[in-house]
Structure formats: C-alpha cells, structure tokens
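Spelled out, the chains give:
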Amino acid sequence: MSSAVVGALPVEPRQHYLNVRYGVGSWLLTVDHKRIAILYLIGVTFFFAIGGVFAALIRMELLTPPGDLFLSETYNRLFTTHGVMMVFFFMIPAIPSVLGNFLIPMMIGAKDLAFPRINLLSWYLYMIGGLIALWALIHGGVDTGWTFYTPYSTVYSNGWVVVTAVGIFLAGFSSILTGLNFLVTIHTMRAPGMTWRRLPLFVWAHYATSIIQLLGTPVIAITLLLVGAERLFHLGIFDPRQGGDPVLFQHLFWFYSHPAVYIMILPAMGVISELVTGMSRKPVFGYKFIAGSSLAIAVLSFLVWGHHMFVSGQSVYAGLVFSILSFLVAIPSAIKVFNWTATLYKGSVSYQTPMLYALGFIGLFTIGGLTGLFLASLGLDIHVHDTYFIIAHFHYIMVGGTIMGYLGGLHYWWPKISGKLYPEAWARVSAWVIFLGFNLTFFPQFILGYLGMPRRYHAYPAEFQVLNVMSTAGASILGIGYMIPLVYFFWSMRYGKTAPANPWGATGLEWQTPSPPPTENFPVTPVVTREPYDYLTKEEPAVG
Amino acid sequence: MAEAHAAAPHAADPRLQHHFADLAAQKEASTLGMWAFLVTEVLFFGGMFAAYVVYRALFTRAFEGASNLLDIRLGAFNTAVLILSSLTMAIAVRAASQGRKNLIILFLVLTIVLGSTFLGVKVEEYRQKFEHHEVPGPHFVVPEGLPRQAEIFFSLYFCMTGLHALHMIIGVGLLTWLIVKARKGAFTGSYNSPVEMVGLYWHFVDIIWIFLFPLLYLLGRHAP
Amino acid sequence: MSAKGHAHPTLKVYFAVFAALMIFTALTVWAAFEHLGIWNTPVALAIAVTKATLVVLFFMHLRYSPRLTAVVLSSSLVWLVILFVITLSDYLSRPWLPIYNR
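Protein chains in written order, with this note's numbering: chain G, 1 to 544; chain B, 1 to 224; chain A, 1 to 102.
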C-alpha cells in the first residue's frame with residue numbers, strides 16, 4: 001500500500017531537528033522534546049540491557065534444580081536487580097518518555113511541551129537516578145526483591161538499600177515531572193480546533209497515565225524516604241520491635257506500585273489504538289469508550305492495591321473489597337480489547353511489522369489480563385501467590401503487552417523519528433522471534449506456578465526441571481529477538497531508505513510534518529478541522 | 001491546513017518562551033503546572049499522614065501522652081508566625097502584580113524573616129527533644145508512664161516536621177532568588193508569574209503546618 | 001500584552017483572612033483543652049480545614065481561578081481520602097475476625 005517517494009529530484013539537505021545543530025553539548029543541553037526523546041531512548045535501552053543480562057543470569061541458574069550457579073543471597077540480588085532495573089528504569093519511563101515525549105506535542109499541534117527545561121531536568125533526574133542505582137549494583141546490589149518489604153529492607157538486609165532507594169526516588173521524581181508536563185501540555189497547548197474529542201487516543205492514554213504519575217508516585221517517594229529514615233536513623237515506623245507494622249509499608253508501597261503497572265500498560269494501549277486504526281485504515285471503533293476507559297483505569301487502579309496483600313495478614317474483609325474491585329478494573333481493559341478487535345473487523349489490514357506487534361499485544365495482553373482475574377479471586381490467589389503463576393501473569397502483560405506496544409510504536413514512528421525506513425523483512429523476522437521466544441519463556445511458568453514452584457527461589461524440586469529448561473530456552477530466543485532490532489535500527493540510520501512524511505498514509509498531525517520534523521514541528525500552528533481517524537471521508541490523507 | 005496566527009518573533013516580549021502563543025498562555029500553563037506540583041506534594045506528605053492516622057488509631061493513648069510532651073507555646077507561636085508569613089507573601093504577590101518593586105522586596109524580606117524565625121524555633125524544639133531522650137533510635141527512653149509506642153509518635157513527629165522544615169528551607173531559597181530578580185526590576189504588571197508561583201508554594205507549606213499543629217501538638221491536651 | 005490572569009483580592013480581604021486565621025488558631029488551642037469527648041478530634045480537624053480553605057481560596061487565589069484549578073486540587077484530596085479510608089479499613093476490620101481475641 002505505502003511506498004517511498006520514487007524518482008525524487010536531488011534536494012538540498014533540509015534542516016530538521018537532528019541536523020540543526022551538532023555536538024554533544026547541543027544534545028545534553030537541548031530543550032527540544034524530540035531530542036530529549038532520543039536521549040531517553042538511549043537511556044531506557046541501556047537499562048533494559050542491564051535488566052536483560054540479569055534475567056539471563058536468573059534463567060541460567062534455573063536450568064538445573066539445585067542452586068549450583070549462585071549462592072542464594074547472590075540469587076536474591078540477581079532478581080532484585082532485574083526487577084528494579086526493569087520496573088523503574090525501563091517499564092515506567094519507556095513509552096511515555098520516548099514516544100510520548102516525541103509525539104504528544106506534534107499530535108496536538110504544538111511546538112513543544114509546556115515546560116521544555118523541566119523535560120530536560122526529567123531526563124537528568126532519570127539518568128542520575130539510574131547511575132546511582134547502577135553504582136549500588138556494582139558494589140553488590142540489593143537482595144530485598146524490588147518490593148523492599150520491611151523489616152528485612154530496613155533492619156536486616158546487608159545490601160545497598162538506601163543508595164538504591166535514592167536512585168529510585170530520583171527516577172520517580174523524573175516520572176512525576178514528565179506526567180506534570182504532559183498534563184499541562186494537553187490542557188493548555190492544543191492547536192485551534194484540536195478539541196478533547198479530536199485528540200488521538202495515544203494522547204488520551206498519556207493523559208490518563210499522567211494522572212496516575214502525579215497522584216501515585218509521591219506516595220512511593222515518601223515510603224522510600226521512610227525506609228531510608230528507618231534504616232539510617234532507626235526510626236520505628238515499620239519495625240515491629242518499636243511497635244511499627246510491616247504491613248503498613250506494604251499498604252503504602254502498593255498504593256503506588258499497583259497504579260504503577262497501569263503507568264506501564266496505558267501508554268502501550270495508546271500505541272495499540274494508533275497502530276490498529278492506522279494499519280487497518282479504518283476509524284477506531286468506539287473512540288469515546290476507549291478514551292473513557294483510559295480514564296476509568298486511571299481511577300480504578302488506585303482502589304485495588306490490596307490484591308497484592310491477600311496473604312500478608314491484611315483483614316479478610318478488606319481483602320474481599322479489594323477482590324471485587326480488582327474484578328471491576330478488568331472491565332475497561334476488556335472494553336479496549338473488544339474495540340480494537342471491532343476496529344480490525346472489515347478493515348484493510350496490512351500485516352507489516354507494527355500490525356504484527358499490535359496483534360501480538362492483543363492476544364498476549366488478553367492472556368495476561370485474564371490470568372489477572374484468576375489472581376483477583378481471593379481463594380485461588382492463596383494457592384498461586386508468590387509462585388511462578390504470578391511471574392507469568394505480569395510478564396505476559398509487561399512483555400507481551402507493554403514491550404510489544406513499545407516495539408510496535410518504535411517501528412511505526414521510526415520513519416518520523418529518524419527519517420529512514422527500517423528493513424521490513426528483518427523486522428518481521430524479529431517480531432516472530434520475539435513472539436515465539438516470549439511464549440516459550442513464560443507459558444511454562446503458568447504451569448510451574450500452578451504446580452507450586454515458588455518465585456524467588458534459586459533451587460527447585462527435580463520434577464519442575466523440564467518446564468524450567470523450556471523457559472530458559474525461550475529466554476535465549478527472546479534475547480536474540482531483542483538484539484535484531486537493535487542492529488537494524490542502527491543500520492537504517494545510515495543505510496535505510498529515506499522516509500516520506502507519511503509512509504503509512506495515516507491520519508494525525510504528526511504525519512503532516514516532514515520526516516524528520518523541523519525543530520519547531522510546525523512552521524505555522526495548524527488548525528484542526530477533521531475528526532480523528534477519518535479514513536472513510538472522501539479526502540484521503542496524502543501518502544508520501 | 002489554514003493559516004493561523006504566527007507571532008513575529010522579533011516583536012515578542014523577551015520573557016515569552018517561544019513555544020507559547022502569548023504571555024497569557026504562558027501564565028496559564030505555569031499556574032496549572034504549579035498547582036499540579038502541589039497536588040504531588042499533597043500526596044507526598046499524605047503518605048506520612050496515612051501512617052499517622054493508622055498508628056494514632058492503634059495506639060491512641062501512647063500518641064496522646066507523647067503529644068503532651070511537645071511544647072504547645074512554641075507550636076502555637078510558630079503557627080502564628082507562619083500565618084503572618086502567608087499574609088506578607090500574599091501582599092508581596094499583590095505588589096508584584098502592580099510592579100511595585102520596593103514593596104515586593106520589603107514583603108519578600110519580611111516573609112523570609114518570619115520563615116527563618118519558624119525554623120529557629122524548630123531548631124530549639126529539636127534540641128530540647130535531644131536533651132530529653134525523645135529522639136527515636138538507640139538513645140530513646142520511653143517517657144514515664146507511656147506505652148513504648150510513644151516512640152512511633154516521635155518518629156512521625158520528626159519525619160513530618162523535618163520534611164516540612166526542609167520544604168521551608170527550600171522556600172526561603174526561592175524567596176531569596178525572587179528578591180534578586182526583583183531588584184533587577186524583573187517583575188511588572190504584565191509579568192509576575194514567578195512571584196505568584198512561589199507564593200502558591202509558600203502558602204501550601206503553611207497549610208501543611210496548619211494540619212501538623214493540631215495533629216501533633218493538640219491531640220492529647222484534653223486528656224492529660 | 002497583559003497577562004492579567006484574574007482579579008486580585010484587596011488588602012482588606014487579606015487582612016480579614018489573616019485575622020480570621022489567628023482567631024481560629026486561638027480557638028483550636030482553647031478547644032483542645034476542653035473535654036469534648038469524641039468531638040475533640042472532629043472539632044480540631046474542622047478548624048484546620050476551615051483555616052486551610054481560607055488560605056486556599058484567598059491567599060492562593062483559588063476563588064479567582066479557573067474551575068480546572070479547583071478540580072485539580074480536589075482530586076488530590078479525594079485521593080488522600082482513598083489512601084486513608086481503605087488503609088484504615090484494613091486495620092479497623094481486623095478485629096472482626098473471631099481469631100483476634102484482643
């Protein structure tokens with residue numbers, strides 16, 4: 001359907017955001033949201049790689065039943081590092097800070113975010129926080145699990161708890177500032193005619209995400225401060241020896257960390273909304289419901305945190321309420337899945353890489369989401385809590401969901417970001433490798449968990465070995481799958497075909513600018529007159 | 001896409017940032033941004049208030065008894081000082097909206113003086129706690145007649161007032177920065193956002209104290 | 001171009017609010033020493049909320065600000081209530097189970 005511009009006359013190199021200025025200083029002191037997005041891209045890729053290395057180490061240990069590769073305390077540090085790096089330094093920032101930063105101003109017709117310098121500050125806070133956490137890691141790391149439960153983390157752990165907590169605190173502050181920036185930008189900087197009902201669903205998703213970032217992150221920030229105070233100054237807020245309650249820590253921790261998982265998934269859902277409609281050239285089905293469900297998720301996500309605490313000693317009556325609410329929170333997500341499916345129905349679906357990732361997302365997120373309902377049932381959760389069932393559940397959502405969304409979005413908007421086309425054949429190959437590798441890694445873990453294999457153990461009974469070997473094999477394939485795009489994205493920057501302004505023929509203001517865009521995005525502020533995703537009107541969006 | 005207005009760059013106000021259409025849009029955005037930031041501060045302090053609410057419900061006697069050990073005169077004095085500082089801050093903001101440079105500086109200075117007074121009193125209060133072994137940790141001595149959970153009260157006391165004091169110190173820093181800018185004549189009738197933003201921040205810190213004072217100092221006075 | 005966002009309260013209003021705040025402070029200290037039974041806490045909180053409301057409406061100009069500002073601020077308070085109420089519901093409902101013989 002789409003094709004690059006052919007037979008073009010030789011043109012003078014056009015000035016755009018990548019070549020307008022050269023030099024490290026022009027990047028490290030930039031206030032251009034597009035450059036900051038690239039800076040984040042480098043950062044999240046780096047921390048993802050570290051998290052991935054630790055995943056590999058975990059899976060290597062789990063190839064055999066005895067704990068023979070690492071001591072148990074070392075193994076504790078491995079999975080803690082994997083969790084901390086992945087959750088705080090990849091999953092939470094990736095889509096908002098890379099794709100959101102790049103696209104939101106363009107999608108609403110603005111020249112930049114509301115606070116460009118705060119945007120740059122966000123990046124520095126994120127990088128400094130990550131480097132501090134890295135420092136702690138190099139000097140031995142932490143062994144508490146990414147969940148830092150007290151009193152182990154505050155009294156007994158020998159790891160670098162406070163230093164790591166500082167790193168996470170800074171990353172959290174970065175996340176707050178990004179959310180603040182997005183919220184204010186979307187409220188105050190929409191171009192004339194860009195009403196709320198015309199906003200791309202990607203923007204709605206990030207708006208809802210910003211609400212969660214602003215209201216939730218401060219609570220984990222204060223919780224980390226209290227953990228630090230308890231560890232350094234022996235204050236007794238969570239320490240039973242001084243009358244404190246460890247479960248209170250869990251309440252405060254999960255008050256943020258549950259909504260945090262929606263910070264991780266909502267932006268991906270925003271990406272999928274764009275991919276599904278753009279690559280089936282059909283208006284999205286149920287625009288209002290998808291937008292509204294994003295807001296509903298943002299609100300409901302704050303009401304369910306106790307489902308992480310069913311076995312903690314929390315009151316059963318509170319558990320009942322949390323269980324019911326956890327069932328309810330699945331409904332808006334299900335609405336999205338139905339609506340995306342309905343959008344695809346009778347659409348002109350093109351099976352290029354972004355669509356492959358979108359389809360993968362819809363299937364894998366559904367599995368992850370449905371298994372979440374298993375966990376919302378109090379009785380069943382008692383059986384599978386702290387087993388590999390939980391691990392499989394959240395990896396289906398985080399990897400099968402968010403990372404698919406991230407990669408799909410990266411491919412979809414790569415022409416806009418880099419001005420080059422990625423190699424489609426290699427991209428499809430890696431999408432399939434990732435899909436197959438992922439399922440081989442994590443599907444056996446559902447079974448393992450249900451059969452009773454606990455999480456965070458480096459040794460296990462011999463009867464679980466076959467499934468563990470399958471999982472490790474899958475992880476190797478998955479790792480290779482991730483490395484292929486790394487190679488060809490770099491390759492495309494040098495050797496890729498030049499991308500036209502709108503390679504997919506999609507609607508949306510970001511496609512009305514050249515690829516790559518000029519620094520100010522739009523020479524003249526656009527005026528929006530069309531409804532979103534209006535593929536069926538007579539006026540076709542121009543291709544190329 | 002139809003042509004929309006495009007402000008001629010060389011005619012724009014030098015304080016207008018390039019991505020905003022005009023100063024009014026810029027002010028609207030920065031005001032909303034500051035309120036959104038204050039929302040995060042509400043939840044930030046809120047986590048500690050949640051801990052307070054839970055432990056007070058569980059250990060009411062310990063909390064009431066420990067609260068009575070705080071110096072109510074210093075607490076009330078500090079409350080009055082902070083409220084007065086909010087008044088001087090509000091007047092400073094008003095002066096900024098009128099571009100009255102000397103008035104701005106005078107009231108910013110007054111606000112700093114009052115804020116520093118507050119901090120000085122806090123230092124004295126903390127010193128007294130050290131003396132009386134009321135600081136949680138290895139040197140804590142459970143006060144006479146109180147359950148051992150009094151230590152949790154003092155943990156929360158130090159965390160909450162400490163974080164509040166840190167915010168005040170940052171506030172004093174921001175006020176100093178404002179004075180420097182005001183002396184250069186930066187604030188006029190058409191551009192005074194920074195003063196207003198710092199004002200919002202300062203009033204918020206005052207509001208935190210408005211809640212801290214009764215919750216920490218007054219909860220046990222009726223039951224000595 | 002003028003950036004006058006909204007009307008400003010007069011100096012008189014500021015002084016009146018200040019006076020009210022001081023009076024309420026004295027009131028809350030006095031009420032703390034009175035034996036009001038279970039009403040001590042609600043009274044103290046009500047006074048604190050009143051004082052905070054005065055500061056927000058007049059010193060922070062919420063009264064003269066767009067409605068969005070009030071919505072943004074209220075959301076933080078609602079979320080705070082969510083945090084308090086649900087967390088407390090755990091602690092307060094634990095004794096309902098017969099295994100707790102406190």
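The set of hints was computed from the structure by calculation and includes no laboratory data.
Note that the Cβ used here is the ideal one computed from N, Cα and C, for glycine as well.
Incorrect hints may have been included.
[Claimed, not checked] With the C-beta cut set under 8 Å, the calculated list includes, among others, these residues of chain G facing chain B: (1) 134; (2) 180; (3) 183; (4) 228; (5) 234; (6) 493; (7) 495; (8) 498.
[To be verified] From chain G, some residues computed to sit far from chain B (all C-beta separations above 10 Å): (9) 216; (10) 237; (11) 462.
Once the shortest beta carbon distance from residue 498 of chain G to chain B is found, is it less than 8 Å?
At 24 Å from the nearest chain B Cβ, residue 498 of chain G fails the 8 Å test, so the hint is violated.
Quick one, is the residue 493 of chain G hint okay against chain B at 8 Å, beta carbons?
Nearest chain B Cβ about 27 Å off; hint violated.
Given residue 228 of chain G was flagged as interface, is its beta-carbon under 8 Å from a beta-carbon of chain B?
This hint is violated: residue 228 of chain G lies away from chain B, its Cβ roughly 10 Å from the closest one there, beyond 8 Å.
Minimum Cβ-Cβ distance from residue 216 of chain G to chain B exceeds 10 Å:
Incorrect as stated: the minimum Cβ-Cβ distance to chain B is 8 Å, not above 10 Å.
Mind checking the CB of residue 180 of chain G against every CB in chain B and telling me if the closest is under 8 Å?
holds (5 Å)
With a cut-off of 8 Å, does the beta carbon of residue 495 of chain G approach a beta carbon of chain B closely enough for the hint to hold?
Cβ of residue 495 of chain G sits 33 Å from chain B, so the hint is violated.
Whether residue 462 of chain G stays farther than 10 Å from all C-beta atoms of chain B, as the label says
It holds; residue 462 of chain G is separated from chain B by about 45 Å at its closest Cβ, greater than 10 Å.
Taking 8 Å as the limit, does the beta-carbon of residue 183 of chain G come near enough to a beta-carbon in chain B?
Holds, because the Cβ-Cβ distance from residue 183 of chain G to chain B comes to roughly 6 Å (cut-off 8 Å).
Would the hint on residue 134 of chain G be counted as holding, given a Cβ-Cβ threshold of 8 Å to chain B?
Check failed: Cβ of residue 134 of chain G comes no nearer than 26 Å to chain B, outside 8 Å.
Are all C-beta atoms of chain B more than 10 Å from that of residue 237 of chain G?
violated (5 Å)
Quick one, is the residue 234 of chain G hint okay against chain B at 8 Å, beta carbons?
holds (4 Å)
Checked against the numbered hints above, the structure breaks hints 1, 4, 6, 7, 8, 9 and 10 and satisfies the rest.
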